[in-house]
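Undergrad: On the provided structure of chain H, position chain G as indicated by the hints.
Listed below, chain by chain, are the residues.
Protein chains: 2
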Amino acid sequence: MESFFSFLEKRVNDCSSLLCVGLDPHVSDLPAPNADGALRFCLDLVERTAPYAAAFKPNAAFFEQFGAPGWAALERVIAAVRERSQRLGSMIPVILDAKRGDISSTADAYARSAFQTLGAHAITLSPYLGRDAVEPFLADPEKGAFLLCKTSNPGAGDLQDLALSGGEPVYVAVARLAQGWNTRDNIGLVVGATQPEALARVRQAAPGMWILAPGVGAQGGDLETALKAGLRADGRGLLLPVSRALSRAANPARAAAELRDRIISIQYQRTK
Amino acid sequence: MESFFSFLEKRVNDCSSLLCVGLDPHVSDLPAPNADGALRFCLDLVERTAPYAAAFKPNAAFFEQFGAPGWAALERVIAAVRERSQRLGSMIPVILDAKRGDISSTADAYARSAFQTLGAHAITLSPYLGRDAVEPFLADPEKGAFLLCKTSNPGAGDLQDLALSGGEPVYVAVARLAQGWNTRDNIGLVVGATQPEALARVRQAAPGMWILAPGVGAQGGDLETALKAGLRADGRGLLLPVSRALSRAANPARAAAELRDRIISIQYQRTK
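From first to last, the protein sequence lines are chains H and G. Reminder that position 257 of the first sequence reads as 438 in the numbering used here, one-by-one numbering, no gaps. Reminder that position 72 of the second sequence reads as 253 in the numbering used here, one-by-one numbering, no gaps.
Be aware that a few hints might be false.
Rough simulated footprint, nothing fancy, chain H against chain G, three-plus residues with beta-carbon under 8 Å [claimed, not checked]:
no., segment
1, 260-273
2, 350-357
To be clear about the criterion: a stretch of chain H counts as covered by chain G if any three or more of its residues have a C-beta under 8 Å from a C-beta of chain G, and this derived list gives those stretches [unchecked claim]:
no., segment
3, 336-346
4, 353-362
5, 419-431
Worth flagging that the hints you see were computed from the coordinates, not collected in a lab. Note that CB positions come from ideal geometry on N, CA and C, so glycine has one too.
Same shape as in the complex, but just chain H:
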């Protein structure tokens, strides 16, 4: 049985890409302001960008806002990634961006929802409730979880930057905890690409872990700075979610290919 991250690494090998295509059906971007519009928007983006995607990351909120039909659309989008992967001959992992976090039987139900009902391969989670709240998502090593560590929003520091008695900020302690919990190679971290110092600090605290680093593009994070701060020593270990920069491009496939190639050139510079 392979672990979630060996599955992801296989895909990264196949497509030479660290790009994570965000499926964020913002109402203002849709052909129609409903679940069907969200579905069509996402199916189109999956079809066009799949060859360049190390992973797809549908954002649960943008489906959930449409109620039951939104939830049905989310299921169909994930199924479409599976079908598109089969045509490509290379399975593309789906990371459900849901930022869940709850205890015992409730966590079991969320894990069932993400991995069985929806068919996602990984999920984003809040670390606030501690290890036993994360465990239900890790039981199957083929499924993964990315724990929020340092987020890219203005108020991220309110809690995450509080200094602990040893001097470290809370988010570094979260990175260390997550690294200790990662006994099955299926835990990653979420660190905003907008904060390269934090990215470098987390990389130092958790040298081997995969980091999902949102914020390049729309949120203003610089690609090169983020890559230099967050790549692992082997030039990998960083997934870069991009959404609007692709969906709003005149040619999303070309925009994804170009972004992949820019990342490759920075990886190459760094490791040569």
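TA: Same frame as chain H, but now just chain G:
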């Protein structure tokens, strides 16, 4: 315009109860293991326990695990609380237990999902992302948010108990932050009833805030200890979620009435 907590206080006056009836359709408790079973289970519990409920708290995970039909069932359960409230002549708030937490437009979408699509009056949230991630849920003062502060699970301390440089644990800092953000009387806290010392400490840090204190009953929290540690000086300010102790009782209405009366007697002892 009234605030969420003045709405809740009005209901507490009407029913003399601090009981929050948890709507947790565990698969093993359902007449059928599907969304329809979850719906029937919840409708029955709403019908029977409404006269004694200060609030209802549906747990999103147990609906979400059934996919789109589960989401449709959740909408119908919340609508049923509204109808039952009308028959009672006293509106009962619905607190969606969803523990969401995300940034900017994603937080907007979750708020829309909870308050508009589903029709809930309040939601539980993770505090990990800071103030701007909570703001979208507070914009309408009639809607409320309960922030996770100290949870009732075994691993709660992994992050929440870390000592800050000033000596306080993280969860006390969260209570203070939340109190500072509560400018519209619509933020509460979640503190497990299983940890009376933590409850007392949060009550001291946030003397006026409402606390949702799960863990009485199934999780082993003692009712009297929790009430003594967590009630406000006015003998209120604490909501006690109970779920299986009611749904599994031979007569859920009687079990709810008895629990309400036990709470009243403890409130009375404390304030006399």
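Undergrad: Test coverage of the segment 350-357 of chain G by chain H using CB-CB distances below 8 Å; three residues minimum.
TA: holds (count 3)
Undergrad: Count residues of the segment 336-346 of chain H with a Cβ under 8 Å from any Cβ of chain G, then say if the count reaches three.
TA: That given contact holds, which follows from 10 residues of the segment 336-346 of chain H lying within Cβ reach (below 8 Å) of chain G.
Undergrad: Quick one: see if chain G covers the segment 419-431 of chain H, three-plus residues with Cβ-Cβ under 8 Å.
TA: violated (count 0)
Undergrad: Examine the segment 353-362 of chain H for residues whose CB is less than 8 Å from any CB of chain G, and state whether their number is three or more.
TA: Holds: 3 residues of the segment 353-362 of chain H have a Cβ under 8 Å from chain G.
Undergrad: Within the segment 260-273 of chain G, is the number of residues with a Cβ closer than 8 Å to a Cβ of chain H three or more?
TA: Violated - the segment 260-273 of chain G has 0 residues with a Cβ nearer than 8 Å to chain H, which falls short of three.
When held up to the earlier numbered hints, the structure conflicts with 1, 5 and fits the remainder.
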